[in-house]
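Got chain A; can you put chain B on it based on the hints?
Chains A and B, in that order, are what the protein sequence lines are. Residues 14 to 294 in this note's numbering are what the first sequence lists, from first letter to last. Residues 280 to 537 in this note's numbering are what the second sequence lists, from first letter to last.
Think of the hints as simulated: they come from the structure by calculation, not from any bench. Treat the numbers as computed from the prediction; the structure is a model and nothing was measured.
Simulated pairs of lysine to aspartate or glutamate, EDC-like, Cα-Cα distance not exceeding 16 Å:
1) B:Lys405 - B:Glu415
2) B:Lys377 - A:Glu168
3) B:Lys406 - A:Asp73
4) B:Lys376 - A:Asp165
5) A:Lys77 - B:Glu395
6) B:Lys406 - A:Glu75
7) B:Lys376 - A:Glu168
8) B:Lys405 - A:Asp73
9) A:Lys77 - B:Glu398
10) A:Lys67 - B:Asp369
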Amino acid sequence: MKKLIPIIQLKPSVEQAKNHAIKVTEKTFDISNKASGFFQEVANMFLFAAQTFKATFSRDFEFKEFLRQCYQIGNKSLPLISVTGIIIGLVLAIQSRPTLMNFGAVTMLPGMVAVSLIREMGPVITALICAGKIGSGMGAELGSMKVTEQIDAMEVSSTNPMRFLVVTRVLAATLMIPLLVLYADALGLIGSWAGANIKGDVTFILYCRQALSHVHFMDFLPAVIKTFVFGSIIGLVGCYKGYNAGRGTESVGKAANSAVVLASLLVIMVDLVAVQITDML
Amino acid sequence: MDTTKTAIADSSYVKTKKLVIDVKNLKKSFGTQKVLQKISMQLFDGENLVVLGKSGSGKSVLVKCIIRLLEADGGSIDIMGENVGGLHQDGLMEIRKKIGFLFQSGALYDSMTVRENLEFPLTRIKKDLTRAAVNEKVKEALENVGLLEAIDKMPAQLSGGMRKRISLARTIVLDPMIMLYDEPTTGLDPITSDEISILINDIQQKYKTSSIIITHDIACARSTANRVVMLHEGQIYQEGSLESFEKSEDMFIKSFFK
Numbered sequence: 014m015k016k017l018i019p020i021i022q023l024k025p026s027v028e029q030a031k032n033h034a035i036k037v038t039e040k041t042f043d044i045s046n047k048a049s050g051f052f053q054e055v056a057n058m059f060l061f062a063a064q065t066f067k068a069t070f071s072r073d074f075e076f077k078e079f080l081r082q083c084y085q086i087g088n089k090s091l092p093l094i095s096v097t098g099i100i101i102g103l104v105l106a107i108q109s110r111p112t113l114m115n116f117g118a119v120t121m122l123p124g125m126v127a128v129s130l131i132r133e134m135g136p137v138i139t140a141l142i143c144a145g146k147i148g149s150g151m152g153a154e155l156g157s158m159k160v161t162e163q164i165d166a167m168e169v170s171s172t173n174p175m176r177f178l179v180v181t182r183v184l185a186a187t188l189m190i191p192l193l194v195l196y197a198d199a200l201g202l203i204g205s206w207a208g209a210n211i212k213g214d215v216t217f218i219l220y221c222r223q224a225l226s227h228v229h230f231m232d233f234l235p236a237v238i239k240t241f242v243f244g245s246i247i248g249l250v251g252c253y254k255g256y257n258a259g260r261g262t263e264s265v266g267k268a269a270n271s272a273v274v275l276a277s278l279l280v281i282m283v284d285l286v287a288v289q290i291t292d293m294l
Numbered sequence: 280m281d282t283t284k285t286a287i288a289d290s291s292y293v294k295t296k297k298l299v300i301d302v303k304n305l306k307k308s309f310g311t312q313k314v315l316q317k318i319s320m321q322l323f324d325g326e327n328l329v330v331l332g333k334s335g336s337g338k339s340v341l342v343k344c345i346i347r348l349l350e351a352d353g354g355s356i357d358i359m360g361e362n363v364g365g366l367h368q369d370g371l372m373e374i375r376k377k378i379g380f381l382f383q384s385g386a387l388y389d390s391m392t393v394r395e396n397l398e399f400p401l402t403r404i405k406k407d408l409t410r411a412a413v414n415e416k417v418k419e420a421l422e423n424v425g426l427l428e429a430i431d432k433m434p435a436q437l438s439g440g441m442r443k444r445i446s447l448a449r450t451i452v453l454d455p456m457i458m459l460y461d462e463p464t465t466g467l468d469p470i471t472s473d474e475i476s477i478l479i480n481d482i483q484q485k486y487k488t489s490s491i492i493i494t495h496d497i498a499c500a501r502s503t504a505n506r507v508v509m510l511h512e513g514q515i516y517q518e519g520s521l522e523s524f525e526k527s528e529d530m531f532i533k534s535f536f537k
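Excised from the complex, chain A in its bound form (with noise of 0.2 Å):
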């Protein structure tokens, strides 16, 4: 019985060893196939928009379905937008006037806003509304065209189908995300003028004069052409997302949903770095 002793307590403890090794095993498999997917989604994505990019100069451009697009993300995005816009410079006006009062700078309101709002807020929100708003909508639309066989019924009938539901859209989403931000800066400044009168008493053209005066040319180009980016990031993901949508309807809603999450991410990263080189120049 003594011999026996160890030989069973040795049983245990090789098993448990060899429990370890295959858990140990198992994860690190699992994060091996974790980094190598997340490396192949980063590949198609590129890949993704190299097709886009060389589809957008072939030939026979969907002219028409590009301004049905424009239509659809800028005109359709307005209202939206208004109600975002002038809010944001209420709510700016609002929070800095108590602050610069104390510091008596109040006459700097005008200018303070407007800056924050031509350099980041403005820019800035409505890339982020319109990921949610256009870019789920992409993903939503795309991924059910997918699952119902439209985008194959377009391939089996010789009609390129990047060229008519991707270029378009992509293409207008660059053109009209710029535009929409332009019309919620402006809004913007009239919420925020009528903040300030909230508590205070100014003309709007004198508060508009006053606001502008401290916009640079520098504040301006920047910012314009980083919206051009977020435009095209958010076509790009919600193509993406939509195009390569599974086969079932859940993945619908999987598509619209890493659609915004994504376009989301991908446009607070790119303004990081747009703010980094703007700080340089």
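For chain B alone, coordinates are given in the frame of chain A:
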């Protein structure tokens, strides 16, 4: 169960008709699941070839490999003498212009009216057509499927059978030489299924098309088949005339034709 080919095609077709589609040793897998295993079959000029089989036997995958919506893992597909697997995008588009594909779901473009659905491929492929000629062709195709009155409706306003017929009109508007039907009668009531089967025969007669009809609907097979290929577990189980299938003593085939 013996899954080898047990009969050869109706010899009259093999001897007299021109070969339109020639599939040799086609293989397709999804991960570890082998969906098609060395499939070889031919479609001859002017015939309706029905591909029968249970759900999951690889019928739809076969027809999608033929038109290269799915890439085959092995084997070759020749359409009118051209190896489809070796074609680049432009060559593939040229081949696809000769082929009409009816999807199981109809696959009508939701955001377009019936007229726009038909005009969409027509105006992009036959660019030299005038506006009047496009209108004429669209109306003719819709008349052929008996749905001219639906010309300005949206797909959401149509029933399942009407959607299939409009989808059929969208393919015939391009005057295809080959038709591929993926489950044309699935999800339809028996009367509408019969109407679709009659339409398939009408299209064969009027447009002189050669067709592959993927189905598990025996009534549709009986109405349309000139020749039948039965798939089972990714392999050709039997190939021959409809009569040879009807008379077969094989239990698996009998279970289909009872």
